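Novice: Counting along the sequence shown from 1, when you hit position 107 you're at 1149 in the working numbering, and nothing is skipped either side.
Read the hints as simulated data drawn from the structure, not as lab findings. A quick note: this is a predicted structure, and the numbers were derived from the prediction, not measured. For glycine and all other residues, C-beta sits at the position ideal for the given N, C-alpha and C. Mixed in with the good hints there might be a few duds.
[What the hints assert, rightly or not] Beta-carbon label-pair distances, calculated as ranges: (1) 1411 / 1442: 40 to 46 Å; (2) 1202 / 1225: 42 to 48 Å; (3) 1414 / 1250: 45 to 51 Å; (4) 1105 / 1145: 28 to 34 Å; (5) 1221 / 1054: 35 to 41 Å; (6) 1125 / 1312: 33 to 39 Å; (7) 1301 / 1125: 34 to 40 Å; (8) 1355 / 1414: 21 to 27 Å; (9) 1148 / 1316: 23 to 29 Å.
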Amino acid sequence: MSLANFLRENRAQLSAGVLLTFSSSYGQTYFIALFAAQIMAAYNLTDGQWGGIYTLSTTASAIVMFWAGALTDNYRVRTLAWGVIPGLALVCLAMAANSTVAGLVVIVFLLRLLGQGMMSQFASVSMARWFTGRRGLALSISAMGFALGQAIVPIIVAGLFTILDWRTIWVISGIIMLATFPVILRLLAAERTPQSLAEQASTTGMNNRHWTRPEVLKSPVFWLMMPLLLGPPAWGTSLFFQQVHIADVKGWALIDYLALIPLLTAVAIAVTLTSGQLIDRVGSARIIRLYLFPWMIGFVLLAAADTLFAASISFLFFGVGTGLQATVITTFWAEFFGTRYIGSIKAVSTSVMVFGSAIGPGITGALIDFGYNFPDQMLGIAAYFFVANALVWLALARATAALRAP
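Construct all of the structure, not just a fragment, from the sequences and the given hints.
Specialist: Written as structure tokens, this is what we have:
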């Protein structure tokens, strides 16, 4: 089937995936971190205290996500959306109205759970289960919502700061989320039942069988892949969470620094589309071996950057890493552990990644309070990626042999 025919015949499901990933923006770090200065001023918080709140709330959301994400194995996304999407809209409105630190903790928890967690889970699990032969392509297309959100939302919000109070922007966000809800429901109207589809079109993983979540958690492959799952969310999230701090330390205007994000996004889109089709041809194992190198190089370059042009080179590498992240993780789980229990397995992966996005801001914020600015931390982050990649190669030595086993 040609690409044009694929897009035409599956336009409703693919559009739903794009809109779901785009709508996850309200719970993503690149959105919440835009309000860091205003939040710290409103609640009288230091960088470390704000990072600690973010870590606590995101960690709690990762724990809940471990079980909540598995609901996609038994319920339609369209059914689950009735609770998640209006809930996310209400939380945006709550951010505008809240005045206490305790309330802030709860609000950030819900933003992370419903936005980053469940909205992303809906999209990735749906694509992994609905499509088999062109799973990588479907995931890459649905991931365009992440890229679009990352590209345009920060620029729009930065512009709105010049004319609107930060709380008003949260009200607008809640209204937009509510307006999006019926559109998503309409696109999901033809959604198929996950369990029945899993029985009809499921594909097996290692040792030619379907792995349950308890079996995955006992597998050495999973634990060797853990640093890979944690790294990009932890340090990539910190890259956006500390964007105000980075611009200040480097002496750049925030609006000029944020203007680099569309460059990252453009590269991410190109890599996402390319990698999705490449994975369909050669498998996820060959691609995932290289996944962490762009992150490592990007942090080395940004640490040394003293101009926005130099920083833009690092953003090219961050774009490659971001583009690969959108496709390679979910396809790896489906390819190596099977698709029958992909919702439960992906929930574990998502929980780990959400936890990674929790500890990154907490660690970097605490180190900033201790006198180590974020650019000074970047060489250590690059070293982390080097070690994590060595563990990936070790994991794949085990996994690829088992995948070939009868």
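Novice: Please flag the earlier hints that this structure goes against, numbers listed from lowest up.
Specialist: 2, 4, 5 and 9
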